[in-house]
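**Student:** This is what each chain is made of:
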Amino acid sequence: MLEIKNLHASVEDKEILKGIDLKVNAGEVHAIMGPNGSGKSTLASVIAGKEEFEVEEGNIMLEGEDLEDLAPEERAHKGIFLSFQYPVEIPGVSVTNFIKTAINESRKARGLEEMPANEMLKKIREKSELLEIDRKFLSRSLNEGFSGGEKKRNEIFQMAMMEPKLAILDETDSGLDIDALRIVANGVNKLRNKDNAIIVITHYQRLLDYIVPDYVHVLYNGKIVKSGTKELALELEEKGYDWIKQEATV
Amino acid sequence: MDLKEKLISSFLAFENNVDLDHPVHEVRSEAIKNFEIKGFPSKKEEAWKYTSLNSLQKVDFSIFPKEESTLEYKDVKKYFLHEIDTYKIVFVDGVYSSYLSETTHDGVDVCLMSSAFSKPMFRQVIEVYFNKVASKDESLTTLNTAFCKEGAYIYIPKNKMPKKPIQILHLATGNEAALMLQPRNLVVVEDNAEVQIIERHQSLTENEVFTNSVTEIYAGKDAIVDYYKVQNDAPTASLVDNTYISQKDNSVVRVHTFSFGGKLIRNNLNFYQNGERIDSTLKGVTILGDKQHVDHHTLVHHRQPNCESHQDYKGIFGDSSTGVFNGKIIVDKIAQKTDAFQQNNNILLSDRATINSKPQLEIFADDVKCSHGCTIGQLDEDALFYLRSRGIPKKEATALLMYAFANNVLASVRIPELKARINKIIANKLGVRVGFDL
Chain D
1 MLEIKNLHAS
11 VEDKEILKGI
21 DLKVNAGEVH
31 AIMGPNGSGK
41 STLASVIAGK
51 EEFEVEEGNI
61 MLEGEDLEDL
71 APEERAHKGI
81 FLSFQYPVEI
91 PGVSVTNFIK
101 TAINESRKAR
111 GLEEMPANEM
121 LKKIREKSEL
131 LEIDRKFLSR
141 SLNEGFSGGE
151 KKRNEIFQMA
161 MMEPKLAILD
171 ETDSGLDIDA
181 LRIVANGVNK
191 LRNKDNAIIV
201 ITHYQRLLDY
211 IVPDYVHVLY
221 NGKIVKSGTK
231 ELALELEEKG
241 YDWIKQEATV
Chain C
1 MDLKEKLISS
11 FLAFENNVDL
21 DHPVHEVRSE
31 AIKNFEIKGF
41 PSKKEEAWKY
51 TSLNSLQKVD
61 FSIFPKEEST
71 LEYKDVKKYF
81 LHEIDTYKIV
91 FVDGVYSSYL
101 SETTHDGVDV
111 CLMSSAFSKP
121 MFRQVIEVYF
131 NKVASKDESL
141 TTLNTAFCKE
151 GAYIYIPKNK
161 MPKKPIQILH
171 LATGNEAALM
181 LQPRNLVVVE
191 DNAEVQIIER
201 HQSLTENEVF
211 TNSVTEIYAG
221 KDAIVDYYKV
231 QNDAPTASLV
241 DNTYISQKDN
251 SVVRVHTFSF
261 GGKLIRNNLN
271 FYQNGERIDS
281 TLKGVTILGD
291 KQHVDHHTLV
301 HHRQPNCESH
311 QDYKGIFGDS
321 STGVFNGKII
331 VDKIAQKTDA
341 FQQNNNILLS
351 DRATINSKPQ
361 LEIFADDVKC
371 SHGCTIGQLD
381 EDALFYLRSR
391 GIPKKEATAL
401 LMYAFANNVL
411 ASVRIPELKA
421 RINKIIANKL
431 GVRVGFDL
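Note that the protein sequences, when read in sequence, are chains D and C.
Last residue of the first sequence: 250 (this note's numbering), numbering continuous.
Last residue of the second sequence: 438 (this note's numbering), numbering continuous.
Extracted from the complex, chain C is given alone in its bound form (with noise of 0.2 Å):
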């Protein structure tokens, strides 16, 4: 039995856990046809031509983990980010550990989409938001959407701001030899509120773990969302990361993707711009080495006047690894005075690695300003010659070139100390002490 199969057969089993006469049953009932007819994505699409999941496919995932495992803190702390004081969402093999979370009522809800579809005081956002931008065409989204029935929620209402940055944790214990999570986050960010959330899927072991993730974000009039996403993952973890993001008038949301580990990783991120002077920003590190494979499929959909997006992906690529970058840009015809930037930049350190890199401008106004740009070279071998003619040796003048490529991106991190543990993972990545904290 192939996945799509064993997935659709499972989903009568599935039914026999949640709530039939929830509305949002019927969101799953439609889902699930949706992806029996379409089933997993092909290289056939043009959208996937070099991103494959036939070998996922043939992998025998255990759609529900069997047992509740437990861990203890110690033993993975070393994934939180434990410098400062954050609100923590975890969950251990795709259930919610409350033991090893910390969340909060406290005029903003920072819990459980379990807790939001069954609880009744939820049930109004549920019904506004939940599955109203997220794709219900997209055949890996309407996977997740007939499975949904655990993830983060989070709810920060008019003009309100968390205490602390909210952490969502997704650990895999390898407890099953191979394990499919489906995990569904809603974000809602009303009017002039404001978050910072910090989103990690972890493996603990070398078992196989496929996680098809959808997260829907939606962000008020003058709301300001940083959401950053670390993927360093074990080398047998494999992750679909579907994101859509709405935005109202003068919102500002800033999206950052680290791509530091996993053996593949997709990455759908899609802004919709919902309002005007909206501003929109997707920033990516990716240092891939080994075989992995990382793919960025951006979109950005500018609905309406006198708003920007700004786009920067940066990629180093070593070994046999292979990245993609695709950058969809559409501009409605309303969508006058429009400010797009999209920035590509590659280093491709071995001759077995591979990028390749796809702008995408779908331009139908005619007053805008849309610029994209995308670099794949080698070291700038002047520029390593400048560091070694200073005393500093190949490997660390040639570590500093890469962290000096990247670090634009990491400039607009505003959590400083999760900016210093991008920077010291970059450094391990790198395999260099250059005598200070980079």
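Excised from the complex, chain D in its bound form (with noise of 0.2 Å):
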């Protein structure tokens, strides 16, 4: 699914992204774990096309497509959804008015018409029910006044109406209480399939005993310095990222 080769990225000249080698296959969640400032929200914003990051080295493949020169918008078309750490407030524009134009728009670049009106609402019906959203929220303007909680919840909300092949999820845990944890991992965890993949990227091995992982990794300062299965996470939790440091300047 998504191929990843000694990609180097930087900001303003400053390298990030240090040459990171990431293989994803259709039907896995991997975990992205790190210490701050470790490169893991840039990777995410990276694959997703954002364009003040430069992309000095490497390629990121997508189903066998070089996605290089993909504007964001492309690339969303393509497949890649980006779950925000802080999504953005949108006054005026509502939940339900914003997925139309996000869904159609994507339609359109795939060459299919606008879905009809029944059908829309059908969908919205049934991913607002897998995430407990209630049918007032979705008439409120996007992300405004919402909370921590509420917005991670659209965010999972909108990854289930667009149905990506690729979705990463960027600190989604981070803001959540327990009871918003577990209703955002349980639509995570409803949304696998063997066709889609996952990256979860997260600080904290918490969301990990929700949304099991495949696979984990730890970035360093913009490495992938170790790799294994769900119990690095655990190792990680109990021992922290000290001894991964030392491991990599070792």
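It should be emphasised that the hints constitute simulated quantities derived from the structure, not laboratory data.
Just to be clear, a hint being listed does not mean it is correct.
Unchecked claim - Residues of chain D placed beyond 12 Å of chain C at every Cβ, according to the derived structure: (1) Arg182; (2) Ser227; (3) Glu235.
To be verified - Dumping the calculated BS3-like pairs for lysine-lysine here, alpha-carbon to alpha-carbon at most 25 Å: (4) D/Lys108 - C/Lys394; (5) C/Lys74 - C/Lys424; (6) D/Lys78 - C/Lys395; (7) C/Lys164 - C/Lys66; (8) C/Lys132 - C/Lys333; (9) C/Lys66 - C/Lys4; (10) C/Lys164 - D/Lys108; (11) C/Lys6 - C/Lys66; (12) D/Lys136 - C/Lys419; (13) D/Lys18 - D/Lys194; (14) D/Lys5 - D/Lys123; (15) D/Lys165 - C/Lys78; (16) C/Lys394 - C/Lys221; (17) D/Lys165 - D/Lys123; (18) C/Lys429 - D/Lys108; (19) C/Lys394 - D/Lys78; (20) C/Lys6 - C/Lys77; (21) C/Lys424 - D/Lys108; (22) D/Lys165 - D/Lys245; (23) D/Lys18 - D/Lys5; (24) D/Lys5 - D/Lys190.
Unchecked claim - Quick list of the computed label-pair ranges, beta carbon to beta carbon: (25) D/Asp66 - C/Gly373: 44 to 54 Å; (26) D/Gly240 - C/His372: 46 to 56 Å; (27) C/Asp339 - D/Trp243: 55 to 65 Å; (28) C/Leu379 - D/Leu130: 31 to 41 Å; (29) C/Asp380 - D/Asp21: 27 to 37 Å; (30) C/Leu379 - D/Gly145: 20 to 30 Å; (31) C/Asp339 - D/Tyr210: 22 to 32 Å; (32) C/Leu379 - D/Gly148: 22 to 32 Å; (33) D/Tyr210 - C/Asp382: 19 to 29 Å; (34) D/Arg182 - C/Leu379: 28 to 38 Å.
Note that CB positions come from ideal geometry on N, CA and C, so glycine has one too.
Put the two chains together into one complex, using the hints given.
**Tutor:** See below:
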């Protein structure tokens, strides 16, 4: 599904990613952990195509296609979805209208007709139930005045609606209480299937109790310094990141 | 002959067509004297530093239209808010068009200044209100006063509310190569009365039009006035809008100014709070391109205690357009517990666009809450990335963000059809279709 080879990326001439290799197959969940400032969010943004980052070397392939020259919206049309750590408030545009626009723009790009209104409505109802979102919420302005939990739930709702091939969840657990975490994780788990893949970026192991990864990678100083299975996350939780840092510098 | 000389010499001709014995004529004579001394404001004056009327003064404007023009409703329908039933006061080249208008005297008066000046039944209102809040000093206002003859006259007696909103529409046909218009409106809303008014100036051709308009609004105790100014005129039309508002206890006056088109627009919006617990709201959305110029000069004069004022102006400037915002707030010494809020946010879309924004606070009371904020920036790149990452193309995403930026100004528009219309104009202005009605 996703193959990243020797990825170097910088912002304002400061190199942040220093040679990332990562392969994610359909049906897999990968967790990327690491201390603050290790480059986790940058990796997410670079995959999604944020233009302020310069890819200096290496490439990102989605289903064999190099993403290099694609704009963020084109990557979205190909099936990449990024759940934001800090979703942006858009006053005056309701959650429903926003998601309709997003879905229909993607359909347009794929040469499809707009989704019929009744089908859209049905889908919205189905997916909002999955995330325990009530109807009033959907008519509110996107993210405006939303609590941290509502914002994240709304991100996963959008993911459910867009049905991406590759979803990247950037710190989706931050700012969530335990109930909200459970709802969000449940939603994500229900969206998992053999044809899509998920990258979970998190600082803490907590989320991984709910969204169980197939692989865990540790990012430190712009490089993946350790990879393993879910047990690695537990080890990190117990021992912290210091031993990784030491190992990396040795 | 420059425009000032032409206007002064035209005044004699103008006097041949009005009732010289009417008390208003004394007011006119005083006013033309003042204009003769002051002339047009120049850039040397602080209040006109960023807006020049020089090029307009070189145009050979007709002061009086030569003939009455007739227009078919179907040709100008789009300039009306035709989705709802309204009273209409329509002027074509400055001349009242009874054919396009719908006035009333049923409980309220929605009619013409020319009637109000000539008919005895209106004389008392004219005596009490005409030219009382309008400046007797500001040169363009006095110029308008000197030539005042026609415009909208709206009188809402105590406890009344017209059955429907009122539209004031000034159309210019282009029958003259260049035409100067000076409409004069008087709006009196007595105690506990309410009114909604939409005003628009529209030139139908590329011929030059210069409108120097004066509107006086009086809000009695507990009165509610909503006034919407829609400025989306042709690129050869210029407007100086002088609006003076006097409010009494507990009254609410909201003025929304939507500036999307025209060559040069200057809005002088002046609020005088002559009572307690008054609410004054001034909101504006300005979206400009090309070489358009819009200047918002606001004044809120807090003269009594326990009053509020809310100002919120948003501007989006593209190409070589220029904007000015000058927000003056005066709080008199006795106006304790004043709550005055002022906000002006601007987005510059091009390197050549300019905005000059200046808050001007003169506070003489010590127990007041006054806040002001001004921002000038580009679109938020993170927000843009967020929308694009959802598959929304850059152009549409930019438009959505600009729409969101201007949105809270629209939230207080109380006529849903007008709000829809403004949204449509904004979407057109931004050049997008985002799949739903904004």
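**Student:** Confirm or reject the statement that D/Arg182 sits farther than 12 Å, beta carbon to beta carbon, from all of chain C.
**Tutor:** 25 Å, holds
**Student:** Is it true that the CA of C/Lys429 sits at most 25 Å from the CA of D/Lys108?
**Tutor:** 23 Å, holds
**Student:** For the pair C/Leu379 and D/Gly148, does the Cβ-Cβ distance stay inside 22 to 32 Å?
**Tutor:** Because 25 Å falls inside the window, the suggested range holds.
**Student:** For the pair supplied as a hint, D/Lys5 and D/Lys190, confirm whether the alpha-carbon distance does not exceed 25 Å.
**Tutor:** Violated - the C-alpha atoms of D/Lys190 and D/Lys5 are around 30 Å apart, more than 25 Å.
**Student:** Is 28 to 38 Å right for how far apart the beta carbons of D/Arg182 and C/Leu379 are?
**Tutor:** 37 Å, holds
**Student:** Between C/Leu379 and D/Leu130, is the Cβ distance one that fits in 31 to 41 Å?
**Tutor:** 33 Å, holds
**Student:** With a cut-off of 25 Å on the C-alpha distance, tell me whether C/Lys394 and D/Lys78 pass.
**Tutor:** 16 Å, holds
**Student:** With the threshold set at 25 Å, check whether the alpha-carbon distance from D/Lys108 to C/Lys394 stays at or below it.
**Tutor:** 15 Å, holds
**Student:** When you check the alpha-carbon spacing of D/Lys165 and D/Lys123, does it fall within 25 Å?
**Tutor:** 18 Å, holds
**Student:** For C/Lys424 and D/Lys108, compute the direct alpha-carbon distance and say whether it is at most 25 Å.
**Tutor:** 22 Å, holds
**Student:** Range hint 44 to 54 Å: satisfied by the CB atoms of D/Asp66 and C/Gly373?
**Tutor:** Holds, since D/Asp66 and C/Gly373 (Cβ atoms, about 46 Å apart) stay within the stated range.
**Student:** Given the hint that D/Lys5 pairs with D/Lys123, test it: the Cα-Cα distance must not exceed 25 Å.
**Tutor:** 37 Å, violated
Comparing the model with each numbered hint stated earlier shows that hints 7, 10, 13, 14, 15, 16, 20, 22, 24, 31 do not hold.
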